[in-house]
Amino acid sequence: MIAMRNNLTTDFIRGNKTSSITIAVTVIISSFLLTLLTTTLYNFWIDAALQAQIQGADWHARITGELAATASIYLGTTLLGCIALVLIIRNAFAASMQTRVHQLGILSTVGATPRQIRGVLIRESLMLSIIPGAVGIVLGIGVTAGFITLVRQYAQSIGIERDMAIAFHFDPLLLLAIVALVLLTVLVSAGLPARKMAKISPLQAVRGLPEDQLDKQVRRGICARLFGIEGELAAGAIRLRRSLLRSTSIALGLSFVIFIVFLSFMTVSKVVNELHFYRDYGDDPTYVAQTMAQNDAIWNGYALVVGAFCAILALIGIAAVVTQAVGFVSQRKREFARYRSIGMTPGGIYRMLCVEGLLTVIRPLLIALIPAAVLSIAMVIAGRLDISTYAAAYPYAAVGIYALVIFAIVFGAYLIGAHRVNQCDLVTALRDDTLV
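Per the working numbering: the sequence shown = residues 687 to 1122.
The set of hints was computed from the structure by calculation and includes no laboratory data. Just to be clear, a hint being listed does not mean it is correct.
[Claimed, not checked] Quick list of the computed label-pair ranges, beta carbon to beta carbon:
(1) Q842 <-> L812: 39 to 49 Å
(2) A1083 <-> S1027: 40 to 50 Å
(3) S1027 <-> I1067: 52 to 62 Å
Ideal Cβ positions, reconstructed from N, Cα and C, are used throughout, including at glycine.
Could you build all of it, start to finish, from the sequences and the hints given here?
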């Protein structure tokens, strides 16, 4: 029995290269981001502890007080990052497992129990994740070390490194914790869809899951009016897969909220600092100019550190969209083959997927503007600023560039998926290829 399960696992990996590559890339990205997040937060906490120790004899009280609260925030952030990455990897595993419904039904008819089927699926997931997970961990540690080195060099260039304990810190226990987090993330991500697939009845599995169908009543919405039949099909595909896209939309929306709120925090802090600067340092032009130059340099370094942390969280949302775009489009070959068989051209498929990419991005971004605006206004009120002063200083260009980058990445991912679909043989795509 063990030999048969091993053969099934090996045959599936060899016979489904597209799914295997998609899962491997997803695990690499997820483990890299998780390692980057965990290692960066660990270094932030160690640096804060060393700073408290340098500042005087009360450092022990700070460690047991403020640093304990900081550690709780960092642990909570890491937990949220793990949940977001679970949603990303889960989608990749679910898309891969759904292509094997017919084979799983045959296994059920010959006596395989749901527990055995679930074990086969989880074993395949682990085999596909071990090497990519290790690669992602190594990359995450290396990038974090490079980032800390960059921060130290910047601190040396502005003359504040002697007052700070900037260094890359890494502990073997941290490595074990990262490996455990990555392993737990993969197991949960694979276990959720595997449990669902194992509960499918043998008859339903042999017949195959019903394919998604568009609504019988055609909805002539704004997409149909703007983009024609391709827009209508794209909107229908988004509606049919809204449960799978929900996690992607949440991750992308959160990344946009984090970015806008970070810019709001930096804007409010800088404006408040400038308004009260002369009150604190007097009106000596030379002294004021030197002090402001040093403060600006320190502020830029702070923005670099905090901005990099926000970028990590934003990358999690972007990775979810890219994984969904490349992976799910490749799993929909039969759907696009049917469209091509009734006359849709390769250009029509490109247009349809471009509209899907537009809808995938624009909805969570528009929804994210509401909580981002509320949090930004709360910061303005807390800083006792006028809305007009804040609005004049806010970096709108940065938000626009960030949105354009997201659009470019998502459109690029969908174009890659469209190219793969158009290169697929029509007869092969229409044939029932659920068996390995």
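Evaluated hints:
no., hint, in the structure
1, Q842 <-> L812: 39 to 49 Å, "holds, 44 Å"
2, A1083 <-> S1027: 40 to 50 Å, "holds, 47 Å"
3, S1027 <-> I1067: 52 to 62 Å, "holds, 59 Å"
Consistency note: the structure conflicts with none of the earlier hints.
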